[in-house]
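Colleague: Now for the letters of each chain:
Number of protein chains: 2
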Amino acid sequence: MPALSVALGARSYPIHIGAGLLDDPFLYAPYVASRSVAVVTSNVVAPLYLSRVEGVLARAGARVISIVVEDGEQAKGWPTVECVLDALLAARFGRDSLVVALGGGVIGDLAGFAAAVYQRGIEFIQVPTTLLAQVDSSVGGKTAINHARGKNMIGAFHQPVAVVSDVLTLATLPERELRAGLAEVIKHGLVLDAEFVGWLEANLERLLGREPAVLEHAVRRSCEIKASVIAADERESGLRAVLNFGHTFGHAIEAGVGYGEWLHGEAVAAGMAMAAELSTRVAKLPRADFDRIAALIGRAGLPVRGPKLAAERYLDLMRVDKKAAGGRMRFVLLDSIGSAVVRGDVAEQLIREILAAATQ
Amino acid sequence: MPALSVALGARSYPIHIGAGLLDDPFLYAPYVASRSVAVVTSNVVAPLYLSRVEGVLARAGARVISIVVEDGEQAKGWPTVECVLDALLAARFGRDSLVVALGGGVIGDLAGFAAAVYQRGIEFIQVPTTLLAQVDSSVGGKTAINHARGKNMIGAFHQPVAVVSDVLTLATLPERELRAGLAEVIKHGLVLDAEFVGWLEANLERLLGREPAVLEHAVRRSCEIKASVIAADERESGLRAVLNFGHTFGHAIEAGVGYGEWLHGEAVAAGMAMAAELSTRVAKLPRADFDRIAALIGRAGLPVRGPKLAAERYLDLMRVDKKAAGGRMRFVLLDSIGSAVVRGDVAEQLIREILAAATQ
Numbered sequence: 000m001p002a003l004s005v006a007l008g009a010r011s012y013p014i015h016i017g018a019g020l021l022d023d024p025f026l027y028a029p030y031v032a033s034r035s036v037a038v039v040t041s042n043v044v045a046p047l048y049l050s051r052v053e054g055v056l057a058r059a060g061a062r063v064i065s066i067v068v069e070d071g072e073q074a075k076g077w078p079t080v081e082c083v084l085d086a087l088l089a090a091r092f093g094r095d096s097l098v099v100a101l102g103g104g105v106i107g108d109l110a111g112f113a114a115a116v117y118q119r120g121i122e123f124i125q126v127p128t129t130l131l132a133q134v135d136s137s138v139g140g141k142t143a144i145n146h147a148r149g150k151n152m153i154g155a156f157h158q159p160v161a162v163v164s165d166v167l168t169l170a171t172l173p174e175r176e177l178r179a180g181l182a183e184v185i186k187h188g189l190v191l192d193a194e195f196v197g198w199l200e201a202n203l204e205r206l207l208g209r210e211p212a213v214l215e216h217a218v219r220r221s222c223e224i225k226a227s228v229i230a231a232d233e234r235e236s237g238l239r240a241v242l243n244f245g246h247t248f249g250h251a252i253e254a255g256v257g258y259g260e261w262l263h264g265e266a267v268a269a270g271m272a273m274a275a276e277l278s279t280r281v282a283k284l285p286r287a288d289f290d291r292i293a294a295l296i297g298r299a300g301l302p303v304r305g306p307k308l309a310a311e312r313y314l315d316l317m318r319v320d321k322k323a324a325g326g327r328m329r330f331v332l333l334d335s336i337g338s339a340v341v342r343g344d345v346a347e348q349l350i351r352e353i354l355a356a357a358t359q
Numbered sequence: 000m001p002a003l004s005v006a007l008g009a010r011s012y013p014i015h016i017g018a019g020l021l022d023d024p025f026l027y028a029p030y031v032a033s034r035s036v037a038v039v040t041s042n043v044v045a046p047l048y049l050s051r052v053e054g055v056l057a058r059a060g061a062r063v064i065s066i067v068v069e070d071g072e073q074a075k076g077w078p079t080v081e082c083v084l085d086a087l088l089a090a091r092f093g094r095d096s097l098v099v100a101l102g103g104g105v106i107g108d109l110a111g112f113a114a115a116v117y118q119r120g121i122e123f124i125q126v127p128t129t130l131l132a133q134v135d136s137s138v139g140g141k142t143a144i145n146h147a148r149g150k151n152m153i154g155a156f157h158q159p160v161a162v163v164s165d166v167l168t169l170a171t172l173p174e175r176e177l178r179a180g181l182a183e184v185i186k187h188g189l190v191l192d193a194e195f196v197g198w199l200e201a202n203l204e205r206l207l208g209r210e211p212a213v214l215e216h217a218v219r220r221s222c223e224i225k226a227s228v229i230a231a232d233e234r235e236s237g238l239r240a241v242l243n244f245g246h247t248f249g250h251a252i253e254a255g256v257g258y259g260e261w262l263h264g265e266a267v268a269a270g271m272a273m274a275a276e277l278s279t280r281v282a283k284l285p286r287a288d289f290d291r292i293a294a295l296i297g298r299a300g301l302p303v304r305g306p307k308l309a310a311e312r313y314l315d316l317m318r319v320d321k322k323a324a325g326g327r328m329r330f331v332l333l334d335s336i337g338s339a340v341v342r343g344d345v346a347e348q349l350i351r352e353i354l355a356a357a358t359q
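Chains as they are written, first to last, in numbering that gives the first Met the number 0: chain A, 0 to 359; chain B, 0 to 359.
Honestly, the hints are just simulated from the structure, not real lab data. Treat the hints loosely; a few may be bogus.
Covered stretches of chain B, as calculated for chain A (at least 3 residues, CB under 8 Å) [stated by the list, open to error]:
| id | segment |
| --- | --- |
| 1 | 113 to 119 |
| 2 | 154 to 167 |
| 3 | 174 to 183 |
Idealized CB from N, CA, C, for every residue including glycine.
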């Protein structure tokens, strides 16, 4: 299959999706030949795929070093970024060097941010090895680290020069992470493609069974949807906001229970159910559509209710979410499956009702 | 006088230069009305100008907070950036908020970097209060902080939305800093404008006497030269490199003696003299031009020789400088006053000779 392209003028880049791409030297050679390349990965991913990626980069003509950081969301902070920057400086990497982010969303976000700020920005390639990263975080150029006061509060827009998504790497993904990744796949359908939602309803069991061809279609269609949105609105001044469906509640859930307790996709799943409930009240979402959404999320093994936190805590966390404009909360809602709207006028009382009803 | 413009398409911005502009509300109103604005400044600048800037911003319709950090180069690191980000988050600043950098180059670089990474980038205005910042660091969008292994190694290209340079703020500048700022003014002439060098030779005493009209011309012509370079090459892929004249040696001097011992401008002055000496050997610079350059630097009260460090230490520091491509040193040299060339082929032995001859 040909590569997808994210159309951003001079910064356009290809997304390669398929089975067995991880060590295809032709995908890397255009970017790494004769250059210094640092593979940033985690201690969980390294034993699985690092030597293969080091090998393919060396065969493609790169001088390769590897930087292995701790796995998990708690690694996504400045201390880890500083470790990466320090290793790049120690190895005398210049502005013409390149970073390869090998791993899930945390690795992509933090290695991408390190590339964004190292010597005011060097190139990087995303090699996502989780479903979440393949369908979401590795595409679009958002890089970030967390701050104690909120997730992804520090970051940069920095587009990769290429994305290499090998769906065979999903074979080693823990079941819980596969399901969490499906939350973003479902989200892409819910906000922009009703037909894809139908396809997911029909193919959910094959996806959970990790059939490569089915995974490839799910990743490809998700990336197509996301790429079309980003090409229209790279820096989230308008349309791109629809990709945050479920994320206002979701980020509050992640922060409220403590980063890492709920996976991002689990928080987004519950957040989507809560936003869908809100949509039945202030947008036009029919109750039958809500039921389909809740059923699909539930079949994927994902939560349809948020954790029981004090309403004040939720509201506090949602107000600081960076989608808030001047402290006012903005919600992505659905008029129907496949059709999203952004609303900044939701009464706080209504949100309190959702929090009372849709948390467990 | 009309504002200068830095021509960068959608990211073009005005540079206002004049006497008494600091509290002109019309210069700020287009950017700050009805927005949350954080003034970032230092404990040295705050007693001089903070209340005036807070006042003008409030009159222009902003909700204003102030963040005062320690003065000096040692503040230009991640811990200070984190303080700024923390204050922005604590005050619930959203993506539509704005940072005003009030102070010298350190404040501009670090506040600009904080703005670049806060929620993936918010707008900022430069209000430079030193000659160095007015003629150099506040124009061009380079933001950065230091790393133990090198100056400005962490940063971003992030253009301000406006620059407000009030030459009357230079009245309070310590003599040593005024002279250090002149190094960059001289540099702009040396690399691109021989006529401006002649004007500087004729007007140096009036500049040192801080005559507002003379300062205004020096700042304006420097900014014009720098803006024309940046418009042609925003991200330093080619032409912009000429602005680094004197900086390869200069950065090594700053790092070698310990940041803050030599002012940036002092290090650049000595670095320019060293690069000019090198230019007489590997470029076409006539000895008579070298003598004019050394004389002008000396009349400005700036050093024409670097500190005596081991040659290996110099070479080590120069190799890690981020202008090095793949570990190879690149030098900006002069064929004549007003005409610069970039060279990547200078023999190390020659650099050792310069280091032996041109350090004290």
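Colleague: Hint by hint, note whether the structure agrees.
Modeller: How the hints compare with the structure:
Coverage of the segment 113 to 119 of chain B by chain A holds [criterion: at least 3 residues with CB-CB distance below 8 Å; count 5]. Check on the segment 154 to 167 of chain B: 3 of its residues sit with their Cβ under 8 Å from a Cβ of chain A, so the three-residue criterion for coverage holds. For the segment 174 to 183 of chain B, the assignment as covered by chain A is violated, since 0 residues bring a beta-carbon within under 8 Å of that chain's beta-carbons and 3 are needed.
When each numbered hint is compared with the structure, a violation occurs for hint 3 only.
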